[in-house]
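Chemist: Each chain, written out:
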Amino acid sequence: MKRTLNINRKDIELRFDPAESLLHTLRNHGYTEVKSGCEEGECGACLVLLNGKAVNSCLIFTSSLNGDRILTAAGIGTLHEPHVIQQAFVDCGAVQCGFCTPGMVIASYALLQENPEPTEAEVRRALSGNLCRCTGYVKIVEAVLCAAERLKSER
Amino acid sequence: MMNKKYSSIGKDEKKIDALALATGSRRFVDDFELKHCLHCKLIYSPHAFAEILEIDDSAARAMGGVVDVLSYKNTPQILHTSAGQGFPEPSPYDQYLFDKTVRFVGDRVAMLVAESPVIAEAAAKKIKVRYRLREPLFDPEKAMDADAPKLHGAECYTPIGASYDPQRNLAAEVDLGFGDLKQGESDADLIIDKTYRAHYGSHCAIEPHSVKTYFDEEGRLVILASTQVPFHVRRIVSRVCEFPIAKIRVIKPRIGGGFGGKQEVLLEPLAALVTLRHKRPARIVLSREEVFQNSRTRHPVRVRLRTGVKKDGRITFLEMDSLLNSGAYGSHALTVLSNCGSKVLPLLNKIDHLHFLGRSVYTNLPVGGAYRGYGATQGYFALNQHLDILCRELDLDLPEYLKKNHIREGETSRVFEALGEGKTGVRQYVNSCKLDECIDICTREIGWYEKHGKRIRQDDKVRGVGLAVAMQGSGIPLVDMGAASIKMNEDGSFNLDIGATDIGTGSDTILAQIAAEVLNVDLAAMIVLSSDTDRTPFDVGAYASSTTYVSGRAVRKCAEKIRDQIIAVAAEMLDVPAGKLQLAHATAEDPESGKRADYPEICRYAMYTANQFQIHAVASEFVEESPPPFLAQTVEVEVDTRTGAVKLLKLVSAVDCGQAINPRLAEGQIEGAAVNGISYAMTEEYLFSPNGSMINKNFKNYKIPTAADLPEIKTFVVPSHEPSGPFGAKSAGEIGINCPMPAIANAIFDAVGIRLFEAPFTPEKVYKAMFAQKDSQ
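Chains as they are written, first to last, in the working numbering: chain A, 1 to 155; chain B, 156 to 932.
Pulled out of the complex, with its shape left as it was, chain A reads as follows (with noise of 0.2 Å):
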C-alpha cells in the first residue's frame, strides 16, 4: 500500500503492507529513531506524536493513516540542533543504554507541551507508558523537571 504522512515537517510517501504496524513503516523508512522494545504497547520505545498526541506505534496500523502528522524524536531535535529536553537528559545523566530516551523523549515533550510547569510526580505519571531499565528513572524524571525549567526560562 501507499500512503502520505506528515512526518518531521515532511510529506512523506510510505510504502507498506496492509497490515503492517506504524512502527515497522517508520524503521523500514529510516526513522529508526522509534524503537521496538515490546511490540504490545508496553514499553514505549516507539512513541511517536500523531497529531500531537504520544502514541505507541506499534499499536497503530499504517493503513489507519492518511495525511496524519507524526513526529519522532529526531523530528524534535538533532545532533546538531538538539532540543531542549533531548540537552536536558544528555546534562542530568538520564541517558544510559539510550534504548528508551527517543520514547522517553516524546513523553516528556508531549506533557510539556501541555504543562509546562509539572510537579515531580505529574512527570512521573507522564512517563508511566516508558519503560527503562537502566537508570532507574530518577535522573529521567530529573531531566524532565530541569527541561521544564529551562523551557520556561525561555519563555
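If you're looking for bench data, these hints aren't it; they were derived computationally from the structure. If a hint is listed, it holds; no wrong ones were tucked in.
Simulated crosslink set (DSS-like; lysine-lysine; CA at most 30 Å straight-line):
| no. | chain 1 | residue 1 | chain 2 | residue 2 |
| --- | --- | --- | --- | --- |
| 1 | B | Lys434 | B | Lys283 |
| 2 | A | Lys53 | B | Lys858 |
| 3 | B | Lys166 | A | Lys152 |
| 4 | A | Lys152 | B | Lys869 |
| 5 | A | Lys152 | B | Lys169 |
Chain B regions said to be covered by chain A (calculated; three or more residues, Cβ under 8 Å):
| no. | stretch |
| --- | --- |
| 6 | 163-173 |
| 7 | 181-194 |
| 8 | 361-372 |
| 9 | 404-413 |
| 10 | 650-662 |
| 11 | 818-825 |
| 12 | 846-856 |
Simulated restraints, written as ranges between beta carbons of each label pair:
| no. | chain 1 | residue 1 | chain 2 | residue 2 | range |
| --- | --- | --- | --- | --- | --- |
| 13 | B | Gly734 | A | Leu79 | 40 to 50 Å |
| 14 | A | Thr4 | B | Lys160 | 55 to 65 Å |
| 15 | A | Lys152 | B | Glu605 | 35 to 45 Å |
| 16 | B | Lys609 | A | Arg69 | 54 to 64 Å |
| 17 | A | Arg125 | B | Gly334 | 51 to 61 Å |
| 18 | B | Glu373 | A | Lys152 | 49 to 59 Å |
| 19 | A | Thr4 | B | Ala800 | 47 to 57 Å |
| 20 | B | Arg547 | A | Lys53 | 48 to 58 Å |
| 21 | B | Glu188 | A | Leu79 | 14 to 24 Å |
| 22 | B | Ala800 | A | Glu117 | 31 to 41 Å |
| 23 | A | Asn66 | B | Asp615 | 47 to 57 Å |
| 24 | B | Asp550 | A | Arg125 | 38 to 48 Å |
| 25 | A | Lys152 | B | Asp615 | 37 to 47 Å |
| 26 | A | Glu114 | B | Arg182 | 28 to 38 Å |
The model shown is predicted, which means the values in this text are computed figures rather than measured ones. Glycine included, C-beta positions come from ideal geometry on N, C-alpha and C.
Knowing the structure of chain A, use the given hints to seat chain B on it.
Modeler: The following block gives chain B in isolation, referenced to the frame of chain A:
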C-alpha cells in the same frame, strides 16, 4: 590520598554518546539497513522434554519466499556452551545449535529463513514436528534422585575438568570449607537454620537480543551483535560454525542494555550460518516473549544457611548449602553457584568454621545465565535475612552488629582463597572498605533509630524499616584481561581504541576520562572506538563488574606510555632533559626555562619534522586481585494489614566503589540496579503452567516498574580510594541489585512480624503469611 587535584576524574562529565542517543542518531543492531537481508524465525518446543522424531518442513518450504529451514539435520553438531566466557569456558559443553532432544518449553527445534519477517512467521507455523514425549523434571530438589529423568548424556563434558556429572543431572558442584563444623556446633549457644529461595528473573533489557550478519566486500563475515562479549562471540562462532577467526569481524554498535542477558552467544552462530549458507545478510531479532522464555534468566537458588552463635552474637560456624536450578543447560552453572558463596561469605571474615556446599542441577525449565549480581544477589537474600533473624533472636542492633562483624581494611577472608569462580580462589586483602560509613548514612537517612521496631501504625497500615549490606568484586582475578590502544593526532586529539564493551553503562566515557586525566587533556580530545574485533585490542567484555577496574587499568597504563612518548618528543624539540618537563593543559613545559610546546606542536614534530614516528601505544592489564565494592541499603515499607499490600516508601543506597571516575554515572548504576532489585523483590516472577511453560511472558504480566511505581530513591557515593584501582576506582555495576530484596523482607518483618523466605512479596503472599501467623497464635 584524596587531596590530589584531578582534572577529569571525579567529574560528572556528560556521557559522550548521550546526545546522539537522545536524538536517535546513534544506531543499535537493528537500525543498520542491510539490502537483500534474510529474516529468521525460530521454532520452539511446546514440550518440556521430548525427542524429535520427525521435522516435516515440506509445507513451509513450498511457500514462496521461504529460503531455508535449519535444524539438527543440516547444521554442525558441535557440543558447546552458549555462555560468553573466557576460554576454556567454565560452563559445561552440553548444547548443540539444534538438537534432536528438546529439554524445556521453548528449546530450539528449527529456524525458518525467509525473504521477509512476515513470510518467516507464517511459514514457521507450517513446520510439523513429531515428538516422543519424555517424563519431565521440574523440581530441582529431586534432580539428583536415582530415578529422576536424565537430561543430558555422557557425551557432555566440562572443558575445564570441573565437577560435572550428567548421570546425576549435576551441572556443577562446589564443596569447600575450613575449620571444624563439629567444633563450631559445640561452641554455639544457639543454632539458626533457615532456608531461603531466590526465584527466576528476566533481565528485561529494553532492546531485545539482536544480530545481523553479512559478508563484506572481501568475503569476511561481519557480525553486528547486541552483545556484552564481542571477542567471545568471534571465538565461539568460529568454533561452532567451523569458520576461521581470521575471517570473522564482530562489531558491537550501541547496545540497549545487557545486565548479563547478552553475555550469551545465542543468536550469532545461527545468523552466521545463514549468511555462510546463502551468501546473503541475515537478521535475527527476538520478540519480547522469546527474550523471556527462550533466552536466559536469573538462576533460582535455594539457600540453606545454618549458623551457630554465641549469646554475644559471635558466629561459631556457618554452613551454606546452595541448590541452583540451572534449567535445561548449564550456562554459567558453575560460576554463578560459586559466586553465591565467594562474593557473599568473605563479608563475615571472623568465622573459624565454615562450609559451602553448592550444587547446580538440570531441570526441564528455562535456562539460567549471567544476571547482574551473578549469584551474590541470591546469596545475599539469604545472608541478610539470616543476620536480621540472628540479631532479633539475640536482641542486638543490626547496624552495629554488621559494623562489628564485616571485613575491614587490611583484613582478608579465608573464603577468598578457598573459593573462586568455579575453582580455588585468590588470596587477597581488602585495602578499601567504607562500609561503616555506608551503614551510617543509610540508617540516618531512613530514620532507623526512630522507626526500627516501633511498628508505626496508621489505621490498617503499619510501617517498618529494613537494612541489608553487600560486597561484590571488580573483575575476576587472574582471569580477566583488558587492553587499550591510543594514538595521537596532529591537533592534539587522541584515538582511544578499547576492547571494553559499553552496553549502556558509560564505560566509553569513563575510560576516556581516565586517559584524559593521564594526558592532561579535555575529555573532548578523546575519540573513542570500542568493541570492534578488527579494530580494537582484546577485552573479555562487559561482565563481572570488571570494566572500570580491569579495562580502566589498561587504559591508564596505555595513556602513561603515550605521555612518556609525548615528553620524549617534547624534550627533543625543546632541547631540555625529559625529566624536567611537566604536562599541563595539553602542553609540555619546562618550568625552569619556560620553554613549552603544546600537543599539536609536539605531534606535528613527531609526524613531520625529525625522527618521524606515530605516537602510539598499546597496553594490556590482567589483574591479580578483585577489590570488592561495598554497599548498604535501607528501606521503609508500609504494609496494609487488611490486604497484605506492601508499599515501598523510600530506598537509600550508600556505596563504596572507590574513587568514582564519574559520580553521576556511578549513581546511575546504583539507582538502576536498585530499581531492578526492587521489582525483583516486589513484582517480577516466572509463572509456569503444569507442563513447564512460562505463562506471563510479556511486560503486561511480568511487571517491571515505571517511573510512577517508585518511591523516593536516594543514592550516596561515599568517598573512598582503592590503592590498586585506576585513580582509586573499584566497580559499581552489579552491587546495587543485591540488597533491595533482603532489605524489604527485613522491613516487612519489622512492620508485621512475618518472615518471607521467598519473593516476590505480593499482597497474596504477605496476606497468607499474616493469616498463618494469626492462626498459629
